[in-house]
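There are 2 protein chains.
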Amino acid sequence: MCELLGMSANVPTDICFSFAGLMRRGGGSGPHRDGWGVAFYEGRGLRCFHDPNPCHSSAIAKLIEQYPIKSENVICHIRQANVGGVSLANTHPFTRELWGQYWAFAHNGQLAGFNPDQGPYTPVGDTDSEAIFCHLLNNLARRYSELPSLAEIADTLSQCCAPLRALGVCNLMLSNGDWLFTLCTSKLHWITRRAPFGPAVLSDTDLEIDFQQHTTRTDVVTVIATEPLTSNEQWRAYETGEWRLWEKGETKIKGHCY
Amino acid sequence: MCELLGMSANVPTDICFSFAGLMRRGGGSGPHRDGWGVAFYEGRGLRCFHDPNPCHSSAIAKLIEQYPIKSENVICHIRQANVGGVSLANTHPFTRELWGQYWAFAHNGQLAGFNPDQGPYTPVGDTDSEAIFCHLLNNLARRYSELPSLAEIADTLSQCCAPLRALGVCNLMLSNGDWLFTLCTSKLHWITRRAPFGPAVLSDTDLEIDFQQHTTRTDVVTVIATEPLTSNEQWRAYETGEWRLWEKGETKIKGHCY
Chain A
1 MCELLGMSAN
11 VPTDICFSFA
21 GLMRRGGGSG
31 PHRDGWGVAF
41 YEGRGLRCFH
51 DPNPCHSSAI
61 AKLIEQYPIK
71 SENVICHIRQ
81 ANVGGVSLAN
91 THPFTRELWG
101 QYWAFAHNGQ
111 LAGFNPDQGP
121 YTPVGDTDSE
131 AIFCHLLNNL
141 ARRYSELPSL
151 AEIADTLSQC
161 CAPLRALGVC
171 NLMLSNGDWL
181 FTLCTSKLHW
191 ITRRAPFGPA
201 VLSDTDLEID
211 FQQHTTRTDV
221 VTVIATEPLT
231 SNEQWRAYET
241 GEWRLWEKGE
251 TKIKGHCY
Chain B
1 MCELLGMSAN
11 VPTDICFSFA
21 GLMRRGGGSG
31 PHRDGWGVAF
41 YEGRGLRCFH
51 DPNPCHSSAI
61 AKLIEQYPIK
71 SENVICHIRQ
81 ANVGGVSLAN
91 THPFTRELWG
101 QYWAFAHNGQ
111 LAGFNPDQGP
121 YTPVGDTDSE
131 AIFCHLLNNL
141 ARRYSELPSL
151 AEIADTLSQC
161 CAPLRALGVC
171 NLMLSNGDWL
181 FTLCTSKLHW
191 ITRRAPFGPA
201 VLSDTDLEID
211 FQQHTTRTDV
221 VTVIATEPLT
231 SNEQWRAYET
241 GEWRLWEKGE
251 TKIKGHCY
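Taken in order, these protein sequences are the chains called A and B.
Just so we're aligned, residue 1 is where the first sequence starts under this note's numbering, counting upward by one.
Just so we're aligned, residue 1 is where the second sequence starts under this note's numbering, counting upward by one.
Worth flagging that the hints you see were computed from the coordinates, not collected in a lab.
Computed from a predicted model, the values in this text were never measured in an experiment.
Some hints could be false.
Because identical chains share one entry, a pair is satisfied inside a single copy or across any pair of copies.
Claimed, not checked - Here are the simulated DMTMM-like pairs of lysine to aspartate or glutamate, each with C-alpha atoms no more than 25 Å apart in a straight line: (1) Lys252 with Glu227; (2) Lys62 with Glu42; (3) Lys62 with Asp14; (4) Lys187 with Glu233; (5) Lys187 with Glu146; (6) Lys252 with Asp219; (7) Lys70 with Asp126; (8) Lys252 with Asp126; (9) Lys252 with Glu146; (10) Lys248 with Glu233; (11) Lys254 with Glu227; (12) Lys248 with Asp178; (13) Lys70 with Glu42.
Pulled out of the complex, with its shape left as it was, chain A reads as follows (with noise of 0.2 Å):
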């Protein structure tokens, strides 16, 4: 399986304590050889890092540990292929634009027999991940001109979403810069981290961060993952089918696809 590392703040946040734990798994710790990738959304723009080779070796995740892009909205992916060959074009996260707005997209799961939607977003590669991703922006663009409320986005993606259920496994996160959704049908756990910060330490390698020294006493910083990267605090396990819409560190919306 795949892994997925997203983070939500209310200031901009650096990604790089997390992002070392699941680099660690990228061929290293975990299984994960088949490329990586992330999405950082700096204002209305989006800087994304793709590399189709293991991660733990990788030139360009040496960087990103230690270059502190600060963002609001993350989206990280580290791959097992299972559907599409290893490929530049088959790494997510994928992006597409949508209503003036940068979205990505990343996914871990496989479905059986999906099929779908057409519309003006197509998939480059051949991964039914991307064509997840286009199935989900061709109904919102079929459904509102220009963007609607949160609570219309959630609406629409929860339903788009429900019968994906019944295909596979489907974890997923999307982002438009201003939300992070995120959808657990198997695996997935998140973090919340605020006021008083303490210190946290890797389970991956040999790593330990005091947030404290990095924060101020008003962050929200909420790091969602396939499996909880630190061994010394209490992470929350979605539950299946759940849904959540993160804004800001905090769930905005949430619910359940059934």
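Here the structure of chain A is known, so what remains is to put chain B in place on it, guided by the hints.
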């Protein structure tokens, strides 16, 4: 003025040498302190790096200078902001998906009174460059429901570009990964390197390369840049209003916008 750099080759080729020369102009030997970006096609995939910081001091630029990403089509841009603030969203190249292909675009110049055609492609930032890109894609998407012939693409692009000439300076590069379309309304140069390959010396920095050691007899590599990048080779200047569509290092179609 911003500076453009493009490459079209018949074999995946790294652009480290030319990139090194261009980067020296980004706040080093040139006045272009307002960010830089580069788009590399690898198969159907597109790898982009964007940085709103000056490239001569950018950690990401240093990485790329030393990291031989091999590509048949590359677009690179360093920016001196005029319209649009310095931000990630305003950093070229811009990218979109059309007909299941990634399209990348960079531009230098300024247009006065430009009224872009509307359509599914909407700018995210506030540069007129991104507005031109969306204008071109909206025109292509309106005329064709799937990828047309190269002649039809070239015809549509040259028709759309002709009125832009009257509005100001519009040097641009556009690619879908198969080819590289280039337009010069004020300044653009090109050089095609093929066997027998020889040495080249950068104008902006103390760097020399012997291409013979990095090529085979059948390689054809064209580099297009605002200003010639080497001091010991004969670059050719585009004529004013001239456009060229490059494929595998050769001019496939060319013409003039009147």
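Going through the hints against the structure:
no.: 1; hint: Lys252 with Glu227; in the structure: within (22 Å within a copy, 51 Å between copies)
no.: 2; hint: Lys62 with Glu42; in the structure: both (20 Å within a copy, 21 Å between copies)
no.: 3; hint: Lys62 with Asp14; in the structure: both (15 Å within a copy, 21 Å between copies)
no.: 4; hint: Lys187 with Glu233; in the structure: within (18 Å within a copy, 58 Å between copies)
no.: 5; hint: Lys187 with Glu146; in the structure: neither (33 Å within a copy, 39 Å between copies)
no.: 6; hint: Lys252 with Asp219; in the structure: within (16 Å within a copy, 55 Å between copies)
no.: 7; hint: Lys70 with Asp126; in the structure: between (32 Å within a copy, 22 Å between copies)
no.: 8; hint: Lys252 with Asp126; in the structure: neither (33 Å within a copy, 29 Å between copies)
no.: 9; hint: Lys252 with Glu146; in the structure: within (21 Å within a copy, 40 Å between copies)
no.: 10; hint: Lys248 with Glu233; in the structure: within (21 Å within a copy, 54 Å between copies)
no.: 11; hint: Lys254 with Glu227; in the structure: within (20 Å within a copy, 54 Å between copies)
no.: 12; hint: Lys248 with Asp178; in the structure: within (8 Å within a copy, 40 Å between copies)
no.: 13; hint: Lys70 with Glu42; in the structure: within (7 Å within a copy, 28 Å between copies)
The structure fails to meet hints 5, 8 from the earlier list, while all remaining hints are met.
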